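I would like the entire structure built from these sequences, with the hints used as guidance.
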Amino acid sequence: MLLPDDLIKTVHGFFNRIPYNQLLGIEIDEIRPDCVAMSIRMRPDLIGNYTQGILHGGAISSLIDVCGGAMAMIGAFERHAHLSLQERMVRLSKLGTIDLRVDYLRPGRGEQFVCTSVPLRSGNKVGVVRSELHADDGNLIAVGTGTYLCG
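Numbering follows the UniProt record's numbering, in which position 99 of the sequence shown is assigned residue number 99; successive positions increment by one, without gaps.
None of the hints are false.
Here are the computed lysine-lysine pairs in the DSS-like style, where the Cα-Cα straight-line distance is at most 30 Å:
(1) Lys94 to Lys125
(2) Lys94 to Lys9
(3) Lys125 to Lys9
Pair ranges (Cβ atoms, derived):
(4) Pro107 to Gly151: 36 to 42 Å
(5) Gly13 to Arg43: 23 to 29 Å
(6) Arg43 to Glu87: 36 to 42 Å
(7) His56 to Arg32: 27 to 33 Å
(8) Asp5 to Thr51: 45 to 51 Å
(9) His56 to Asp137: 17 to 23 Å
(10) Leu83 to Ile47: 42 to 48 Å
Source of the hints: derived by calculation from the structure; they are not laboratory data.
From a predicted model like this one, the values you see are computed outputs, not experimental measurements.
Every residue, glycine too, gets a C-beta built ideally from N, C-alpha and C.
Below is the structure:
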């Protein structure tokens with residue numbers, strides 16, 4: 001199932017206006033109604049443990065949060081389909097993280113890390129999203145559950 005072009009443009013527009021996303025080098029890989037995927041490449045300035053050369057926990061949680069927020073935005077956009085595009089944009093501009101729990105399962109070793117997020121609940125005001133972060137070798141590095149204000 002494909003998303004409407006205006007929704008894809010909205011997600012990219014919000015994403016590109018956040019300087020922190022560019023600072024981390026987060027890339028949008030896929031946007032679907034049931035899943036969002038984003039990735040980050042390992043760089044020396046993202047290392048959290050210099051003796052082991054592993055990805056910093058802050059970069060991990062940031063990627064999980066950004067990817068989860070995009071998934072929540074898609075759910076909110078569809079939940080508010082009865083509103084005008086302008087009213088939907090006003091509501092989506094207030095999207096924010098209420099709560100984020102991250103479980104770090106393995107050290108972040110690798111050259112590329114991919115986060116996938118799926119919706120658990122999309123309500124009128126709040127969305128809940130589950131995310132997984134995998135290294136390029138397929139190892140599950142971290143999982144997260146985010147609650148987002150979306151209405």
